[in-house]
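*Asks:* Got chain A sorted already, so can you dock chains B and C onto it with the hints?
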Amino acid sequence: MIHNVRTHISQNEALLFERSSPGKRAYQLPELDVPPVDALAALGAGNVRAGIDGFPEVSEVEAIRHFTRLSTWNYAIDHGMYPLGSCTMKYNPRVNELVARIEGLAWAHPYQPEALAQGSMEVMARLEAMLAEITGMDAVTLQPSAGAHGELTGILLIRALLEKRGDPRKKILVPDSAHGTNPATAAIAGYAVENIKSTETGLLDVSALERIVDQDVAALMVTNPNTLGVFEENIARAAEILHAKGAMLYMDGANMNALVGIARPGDFGVDALHLNLHKTFSTPHGGGGPGAGPVAVKKALEPFLPVPRLKRSGKRWAWDYKRKRSIGRVRAFYGNFGVLVRALAYILAHGGPGLRNATVDAVMNAVYIRKRLEPYYDLPYGSPNMHEVVFSDARQAAHGVRTGDIAKRLIDYGFHPYTVSFPLIVHGALMIEPTETEGKAELDSFIDAMISIAKEAETDPQLVKNAPYNTRTSRVDEVSAARKPVLRWKGGEG
Amino acid sequence: MRYLPKSDSERRAMMDACGIDSPEALFAHLPAAARLGRALELPAGISEYEIVDYFRRRAAENANGYASFLGAGAYNHFRPVLVDAVASRGEFLTSYTPYQAEISQGVLTAIFEFQTMICQLTGMDVANASMYDGSTAVPEAAMMAARLTGKGKALVARSVHPEYREVLYTYAKNQGMPVEEFGYVPETGTLDLEDLERKIDGLTAAVIVQSPNFFGVVDQVKAAGEIAHRSGALLVLIFTEAVSLGILEPQAEADIVAGELQSFAISPSYGGPFAGIIATREKHVRQIPGRLVGQTTDSRGNRAFCLTLSTREQHIRRERATSNICTNQALIALMATVFMTVYGKQGLRELAEQNLAKAHYLAGKLKPRFAGGFFNEFAVRLQGKTPEEANKSLLKKKIVGGLPLGRFYPELSDSMLLCATEMSRRPDMDALSEILGLAAR
Amino acid sequence: MYPENFRYTKEHEWVLVEGDTGTIGITDHAQEELGDIVYVDLPKIGARIEQGGSLGSVESVKAVSDIYSPAGGEVTDVNQALADAPEKLNTDPHGDGWLVKIRLSAPEEIAELMTAADYRKYVEAEK
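First to last, the sequence lines map onto chains A, B and C. Residue numbering for the first sequence follows our numbering, beginning at 1 and increasing consecutively. Residue numbering for the second sequence follows our numbering, beginning at 1 and increasing consecutively. Residue numbering for the third sequence follows our numbering, beginning at 1 and increasing consecutively.
Please keep in mind that the hints were generated in silico from the structure rather than gathered at the bench. Remember, it's a predicted structure, so these values are computed and weren't measured experimentally. Careful: at least some of the hints might be erroneous.
Straight-line Cα separation of at most 30 Å, DSBU-like style, residue types lysine-lysine; simulated pairs [to be verified]:
{"id": "1", "chain 1": "B", "residue 1": "K365", "chain 2": "B", "residue 2": "K392"}
{"id": "2", "chain 1": "C", "residue 1": "K44", "chain 2": "B", "residue 2": "K283"}
{"id": "3", "chain 1": "B", "residue 1": "K392", "chain 2": "A", "residue 2": "K299"}
{"id": "4", "chain 1": "A", "residue 1": "K465", "chain 2": "C", "residue 2": "K62"}
{"id": "5", "chain 1": "A", "residue 1": "K440", "chain 2": "B", "residue 2": "K6"}
{"id": "6", "chain 1": "A", "residue 1": "K455", "chain 2": "A", "residue 2": "K484"}
{"id": "7", "chain 1": "C", "residue 1": "K44", "chain 2": "C", "residue 2": "K88"}
{"id": "8", "chain 1": "A", "residue 1": "K311", "chain 2": "B", "residue 2": "K392"}
{"id": "9", "chain 1": "A", "residue 1": "K315", "chain 2": "A", "residue 2": "K164"}
Just chain A, same shape as in the assembly:
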C-alpha cells in the first residue's frame, strides 16, 4: 500500500559531549609566525578563563560522521514533497549556493572601501530594481533579515510617515486569518492590535473595515492571497477605504508565490509589503533560517527607509547615510547579502517569463490537489484557491482522527506533513502548499497517500492516531519537554 518508502537503517549517534575524549582534535593551526603572548599579562589575571568546561574534543573523522549521521535523521525538500502551507518549500537551486561562495562576494567585508565593494553593491541595486518591478512598488530596502523583521520595518515606515503628518495613530488592524507575526509585529512597533473577523467566505470583511477605520487606525496588515490561499477580491476597495481615512495598507508578502508575474501589490493599492526571499525566491530554509525580508514601498514611504541607502554617485554606487527622515537602522550593515545573492541568481535563472510560469505551475498544483482531494476531505471555504488549499479534518474527526494525526501518518507515506491547525479560522486545518517544484508523479503519490489515510481514518482510526511507525523517532513527548525543560546537556544525567 505504501509504495513511496521502505525502511532503511540509520546509525545511532551520541551527542558530541558523549563522544568526546580528552586530547582528540579535528584542527591544526598554522605555526605562529609571531612571538606568543602571555594571556595573563595581556588581559589581566581575572579575565583569563581556565578552560571551557564540557566543550567537545573529537577527531575530524568523528566530527564528519557525527553531523552526517544527524543529517540522515532529517527530512528535506531534496527528499521529496514538503507541502507546508504558508512556507513555500520549493527547490533550492544549487547554483545559488555556488555563487554565494565566490570568494570576492563571500569574503567581502562590510566596511571595505566602497570602491572595492562595487560588485556587492551592484548585486544589491539590481535585486532592488527587480523586486520593485515584480511588486509594482517604487523603492525597496534589502536590510531586513527575515519576514517578521520586514514586517516590523514596514510598520515602522508607516508609523514614521503618519508621525510626519502629525499623528502616528494607535491601532493596527489584522484579520483573524493572519500569521501570528503580524499582531506580534504591530505590538513591537508600539501599536494596539484589533482583529477583524473574516466573512463567511473567508475573505476580508470590507463592510466591517468601513465601520472600523477611523482616525486611530494606522494601517491594515493583510496577507494576499490570504492564508486560505484565496485572493482578496476586494483588496483595492480596502485600500480606498483606508486611504480615505489617511490609513495605509500593509501586505504580508508571504504568499507572493501565487502572484509573481500575474498581479502586483503596487497595482492593487498596497503601500508597503515585505517579501520572503526564502519562500518565493528559493533561498534555502536551512532548518529555520537564514532568510531575508526586503520591504517594498510606494514613493510616499521612500524617505523613511532604513539607512544606509544605495545611491548612484557618478559611475559608482555609494552608501547614503544622510537621510534625516529615515527610521534608522533595523540591523547592522546592509542586510543578509549572501541570501540576496541567491535570490538574484534565482530571478536571473527564471527571467520574467520563467517566473510567471513558476507561478502558473504553483497555482495549478494546488488547484489539482484540491480537485482530487475534495471528495475525501472537507473544504470549509469554497472560493477559488491559488497557490495553496486549506481543508479541515471535519470528516475524519467524526472517527476521532484529527489533523495532527493525519499529518503524522503522512510521514509514514514518505512525505513531510502539511501545515497543521493553521489558519486559526479553520477548525482542524490541513494547509497544503505544493509549490511549482512538484511534478505530476510526486503530486499523484501524495494525493494517493492522502486518500489512503482518509480511508484508514474510517476503517482503522487507531492506526492513524498512533502514527508514525516508520520513523526512527516515534511520537515525541512534547508535554514532558515543556513541563521540565532540559535545554542543554548536563553531563551524565542526559
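*Replies:* Just chains B and C, lined up with the frame of chain A:
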C-alpha cells in the same frame, strides 16, 4: 525551465483533471484591475554558466587579493572545510523549521548541541537557538530586561558597537523605551563607571556593555554589573568577536549575554547572514525570545529533541509574544556548531591565543591609543595624516587598513581601529606598520 | 462532576467561598479543552485584582489561556505546588489544582456567577 519539472503533456493532463482548458483560467477569478496586463520587464532566463559568470564578474569588482585589517563586528577567520561539507548537505540545507520532531531530529540535535556549547562558552544556563544577528539581539535583550524588571529604561555604553546602538534606538523609540548613553574613559577605552553611576536610577532596566568593546578593549564588566545590580537593573553583556570567548573568563555578573557568532566560520559576506544569540540564567527562561530546543523522549523511550516553551512565541501568543521573531538562523548556527566541534576545547583556546599574539605583535609596532588590555583589535592614533589618507596609501600596497573611527566617534577622527587574526600574515603586518608607523604615535 | 458549593464563570473558572476568602481554579471542562497543562503563571501575593481582571495564565504545549478572576479582591495565597507539578490542573482541577486564594473585596459579586447546574447547562450548550 529547468527548475520546473512538468512536461507539457503532464500540464495538459492536470488541466483536464481541473476542468480548465488554459492556464489563464486559474486566474480568471482575479479582479481585472488587479491583474498585471503585461509581461514583467525582466530579462529572459539565463543558463547556469551565465549565472556563474555574472556573479564572478561582480566578485571581480570587489576587493580581491588584498590583506585586510578590518574587524569592527565582522572578522576574518579561517573557515574549516568541514563547515561547508556539513552545511551543504541537502538534509540540513533544504529542510524547514523542525516543527515535525519525528523527521527533524538531525537539526534538533544539532541545535541542542549548539545551545549547550553557547552555555559552556558564556557561562549561562540557557541559550536560544539563535537570533538574526548580534545587532538585533541587543534590542531583544533590552526588551527582555524590561519585562523581567518591570522597568523601562536602558543605559548603553558608547563603547558598544555603534551600529548595534543604532538598531537599539530604532526599536526602543517605538517601544517607548528611553535609552541613554554613558561614556568611556579617554585614556583606557574602558567604561566610564562614574558616568554610569550618575545616570543609573531606579527606572533603569538594563545596563548594556560590550566586551571586548568596540575598541577591542576587555572591559570592566564586573564593576558595571555591580553598579547595575545595586540599582535593580540587569546587566546585558554584548560580544561581537566570539573567538574571544575561547580565552576570556565568562562574566558571572551578566544576567543576559547577547552576541554575534560571525567569527565561528560564517563568511563576512558583506555583512550577512550572520547569527546572534541570547543566553541567560535559568530563572529568566520564560522571557527569552526566539526558539528553544529541549530534550525529551519518544513513545518508545528513546532520547529525542523538540522545540519547546513555544508559548512565548508569536505563532501562539501573537501580539503578546516575547518577540515577533519567527526564524532563527538554523543553518548559520549549524555552521557555528561544526566550527566549535572542529576546534573543540583545546583548539578554540589555541585559536584565541594566536589572535592575541598577532594583534599584540602588530600593536607592538604601533602604539595603541587606549591603555586597556585588548584581544585582537585596538585603536591607533595617526599623526600627520588622517586615517582616510593613510588607508589610501595602504590600498596602493594591496592592504585594506583599519576602520576610521571618526565616522562613529567625532572625538576619535584621528584614529583607526585595526584587527589582526590568525589569518593576518606577518609580512602584511610589517608592511602595514611600516606605512602607518610613519604616521602613528 | 461540578461541585455544588462552587460558583462558575463563562470563562470556565470556579470559585469556592469560605468566609471572606475565595479559592479560585479552572474547571474540569477547561482543563479538558486545554489538554496537558505544562505551565501556570500566577500573580504575586498581595496583588489586587478586579472581577474579570487577569489572574495569570495557564499553558499547554501549543496554547496559552488567560485566567480571569471570578471576583475582585487581594491575592492572599497562590498554589506553589503547581510550579513543579502543573499536571495537577489536569488530574484534580477542582481540588489540588486550585490556583489562588483571594480576600473578597465585594462578596456580592459571587451572586452574579453561575451555579453548578447553570454551568453544566452552559457547557452542554457550548458543545
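*Asks:* For which of the previously enumerated hints does the structure constitute a violation, in increasing order of number?
*Replies:* Per hint list: 3, 6 and 9 violated.
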